[in-house]
Amino acid sequence: MTEKSGADILVEALCDLGVEVVFGYPGGAVLPIYDALFRSKRIRHVLVRHEQAATHAAEGYARSTGKPGVVLVTSGPGATNAVTGITDALMDSIPMVVITGQVPTPLIGTDAFQEADTVGITRHCTKHNYLVKDPARLGGVLHEAFHIATSGRPGPVVVDIPKDVQVATARYQKPGPIQHKTYRPQVKADQQTIEAAVEMIAAAERPVFYTGGGIINSGPEASQLLRELVRITGAPVTSTLMGLGALPASSKQWLGMLGMHGTFEANMAMNKADLIVALGARFDDRVTGRLDAFAPHAKKIHVDIDRSSVNKNVRVDLPVIADVGRAIEDMTRVWKAHQHPKPDLSEWWRRIEGWRAAQCLDFPEDGEGIMPQRAIRALYEATKGEAPIITTEVGQHQMWAAQHFGFEAPNKWLTSGGLGTMGYGLPAAIGAQLGNPKALVIDIAGEASIQMNIQELATATQYRLPVKVFILNNQYMGMVRQWQELTYSSRYAESYSESLPDFVKLAEAYGWKGIRIEGRDQLEAGIADMLAHDGPVLVDCVVEQLANCFPMIPSGAAHTEMILQANEVSGEMDDEAKALV
Amino acid sequence: MHIKEEAIERHTLAVIVDNEPGILARIAGMFTARGYNIESLTVTDISEDDLVSRITIVTSASPHVMEQIIAQLDRLVPVHKVSDLTALGEHVERELALVKVAGKGEHRIEALRLADVYRARVVDATIESFVFEVTGGSEKIDKFVELMREVGLVEVARTGVVAISRGKEAA
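Read top to bottom, the protein sequences are chains A and B.
At the far end of the first sequence sits residue 583, using the working numbering, and the numbering has no gaps.
At the far end of the second sequence sits residue 182, using the working numbering, and the numbering has no gaps.
No lab work stands behind these hints: they were computed from the structure.
No residue lacks a Cβ here, since even glycine has one placed at the ideal position from N, Cα and C.
Take every hint as true, because none was put in to throw you off.
Chain A regions said to be covered by chain B (calculated; three or more residues, Cβ under 8 Å):
{"no.": "1", "stretch": "121 to 132"}
{"no.": "2", "stretch": "308 to 316"}
Not close to chain B: a few residues of chain A, all C-beta gaps over 10 Å, as computed:
{"no.": "3", "residue": "Leu33"}
{"no.": "4", "residue": "Thr107"}
{"no.": "5", "residue": "Ala138"}
{"no.": "6", "residue": "His145"}
{"no.": "7", "residue": "Arg173"}
{"no.": "8", "residue": "Ile180"}
{"no.": "9", "residue": "Glu197"}
{"no.": "10", "residue": "Glu230"}
{"no.": "11", "residue": "Arg376"}
{"no.": "12", "residue": "Ala389"}
{"no.": "13", "residue": "Leu442"}
{"no.": "14", "residue": "Arg466"}
{"no.": "15", "residue": "Pro503"}
{"no.": "16", "residue": "Gly521"}
Excised from the complex, chain B in its bound form (with noise of 0.2 Å):
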């Protein structure tokens, strides 16, 4: 016997939640108590009175698992909102990463050429490493990362997706 697999999409939700204990711990378990997958997982407070978080959650499966991802998700009681950006058409989404990379000589000169290229930001220095801003989508932070291998690559340390929809109005 063999177990059958359907052609999956990945997409970005935005979850507003109640800002309680456990919160986290809920969704997330959740999310393996229903066999579902979490790519990316991101959580702050976005209230001015430290109530509602936001939660961007990057997930994949199939379109019929993921109206139950999203419906499993509204009936939560500390939910207030589920947005599938995907869905809902053009958004735009950020990572941001820390990138450490030490070398010596022509290493050195190549990673910091390439971090221009990237646009990355030296945010710390000794004579003997970099520690590297990078932010832009999943793609450009893997191939940041994939070259930074290369040149000496120590440690990396990356937020996962925020995302926000394009237009004036609110997801």
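One chain only, chain A, in its complex shape (with noise of 0.2 Å):
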């Protein structure tokens, strides 16, 4: 067998473990990869504007297709400016692999030109990472990388790889399964807490699933198990930001998301429950609100493939550790195998359509603007025979799309939902694009958001990637603005999107097609002619300035705490409720 080059290993590794796009931008550091990819034309790579963007990019791809996501940047600031993706893709859980430049190891520890130490910066926002010394391990080391970023609870893996290393010679072999010797996730529950789970679930009287990115996680497969347990059990369900798309949002069994901006009937329904099923969910601080009145009534079963996600802010009664989907069939299986018969729970949904009867999604619209709720609707209403792919950046835009497009599937619904990060939508629009060339992808975005990662406009254009972005303009960075509301007397301080640019221009500068909706009687021709446009179009819809997210449980707030309109805000909170985030 024939020595190769750090590099050329590289690229056949990459190809052997069946990555089509890497997502990157060049530099020094990287240099003999480039070439590498450049000689075997194998893999198509897509060049952004910014590592941050590949990152995004990177995780649209690996959310919309399953597969991970894979990104090769440079060392030092091609490194540092990736940090941000890199951990969104660790909170929200998102298989990727990032390969980083390195300066040559020789140079290693002595502040050399565009030198960081990545491992050291990345140690803390990834799953595991490593810095490869010798070409002969590096092959040894990606496949692993690819197996710890996909297996288990997914996440980010970064190699870093020294010029170096890249340039030296070794020999190269598939290797087998990887048999890590320590890193084992344990993905099937044993079958005593699977019954046990069962008849917690056939005893309930108010029982809620509670859903989670774990589901999206673990495959199309599982949402269509859990659209069976479901069904056996008659039991509603709720669902967190991440997990939306799992269970249709048509089904009568749908209450919509919980949490923060939850619907009514999600967070009463997890108030008054006899019984919280989370499958695949975390217990974010922005799902369960005040701890101490989370769920006051309700046993708690939580299903989980990340043991330390179990008893972390919430105390639960049965941890069920087992990869989400698994868990919906054994728990299924069990169900039929007893033959527990549906159980009445007729009561409990008189309560729930009590609570559905408030409409607490519906908003006041009196003037001659347009709601951004109404025009997420009309975008719903226009889209939803194609079932599109749809990102958003992060802030009252995202929440809106959140509570009003509705999900029929899964790997439909790409949003940063752990970190929060600003400038998300764009690049993860274009992953999205490209790993589903046919599909409709849109950013929902609002006009602060989109210029974080703006320049990704080049990238589509480049690419002719027919992505396509809506922001929603209100000249306000709008969920600063609520919380200011809310929270401190409506001082507005430095949440007024100052300068904008003038965003039809912007777009046709870059070659796209620009649009600008000022007007109700605007909105779905303006939608229609979007549709109608078969290359990169952004459109500017001008929107109510001053129109809120609600419902909203403010922070440090029980479920049965929440804001339903506007007019019940209050203009100042205590310090208790400003320190929280």
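Hey, can you piece these two chains together into the complex? The hints should help.
Here's what the structure looks like:
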């Protein structure tokens, strides 16, 4: 067997791992790898305009296809620019492998040009990371990195490769299945635990399924299995932001999202439930609200593949450590084997219907202007037949999209949940479009967030990706302004979007089509224009400036203390509330 | 507004890890990143092939946080096993200290007498100084060092706690 350079080993290993697309940006410390990619022609490289966008594009690709996203960046600033997206992927459990160039091994530690301690910097924002100092180990490390990124609770893995290791030669052979000596995630729960979970569900009078991003990570089968479990148990279902689409929004058993901007019926059901079954969700503070008032009457079952998620924020009665898809499958099988009849939950559903009657997502609509909720609903109505992939930035528009856009299938909703990264949506849409060339991909954005990675308009143009960006333009960092209204007597410190560009001209400058929508009478036609154009389109939709996102559980409040409409908002909060995020 | 505090317990953990670069930073960094407390940490290779190290960590936390500490350690990729020796039952904890004392006359004699009581060995001596080697639980060493302050303590070096479970089984 002949020896190959580290760079050639890298490319061959990526091919062996089934990698089709790499998102990256070249630089001094990765030139040997770029040359190897150029010569091999077997992997498509997508040139972004900023390394952060490479990571979000990889996340969008991964979340929409189920395959790991791959990133290639240079040392120093290349790696540090990628840190936000790596952290984002860690928080949202997105499988991603980031290959970073490093200065040659003899220069490590000398403050060399474009040197950064990449493994040190990324140690706490990766699931695992490696500095490879020997080309003979490179192939094995890459296969292990993909195994760790994609198995168990998925996450980002960084492989840092010094430039001399990319040039030095060694042998490479495709390894067999990875048997890691310490990393062995538990994917199947024991029978006894499953039996106990099924008995608790069968005995419950007021059960709620609380589903999360774990179901999406577990694969489309997990969503199918969930539908069956939900059907045979007859229980209501709510979901975290990350889990939207696991159960179709059109299901009668769907209560909508829960938590800070969740529906009244979902949060009330959580509060009054006698059993909560958490499926691949992690009891995030945005979900629980005030912990000592969270689901006070409920026993809790927590299915999670990550043991450290169990009892972290909320004590549970029955932990089930397993892949959530496998656990749902097992629970369904045991339920059927025990011939449990469908429980009579009519009294529970009667109460839920009472909460539903509050119509908590209704919004006032009196002026000439477009309410942002109306814009989202119009977008949904115009596109639902095409099952679009929706990405978002972070803020009010993100929550309105989660509330008013209905998702019928998994892998269609890509959003930055845990880290809340403004600037996620456009590059994520680019990644999703590359992974799903025929799909309609729309980034629902705000005028502030979109500017954080606006340079990626060029990437979409270069690769002829027909992504759509739909900006809800209220000329404010709306969520910041909303919190300032709630907590700081409307002192709008720096939350006004000053000196905005002309987004239509900006789009045109990048080779996109630009459309401005300014009144309700233009909304449907503007959306139709956007959909009719087969290239990338940016829509600047001017919406009511002061609309706020409700319902809302103020930070530090309980599920029962929801603010349903703007007139319930008070102007100041005490220090305890101010100290909460 | 005041920050609330919870009742805390002291636990000794034995963590078996792959002997790879950065492992100590990974573990120590996880503790600081999540706001956990390290009272003492020792690490040394314990395998024939130089591939595995044992880290002994003494930490204090509420029972709820302690459960998290163990789970968070356990999910680090290079960690083989985490044993909570305090929760597992009886175990032996030892520390070694080197204690330098300087003085003349009565102080010097008293230092030697106390060293004898504490079964400390003299490992270096000059006309005006001793270096004592003392092993034991942390409290014994604290006490010895406190006494040495009265008779001319110059410098102390301590290993931190190592621990192992009692009985024939491995933890």
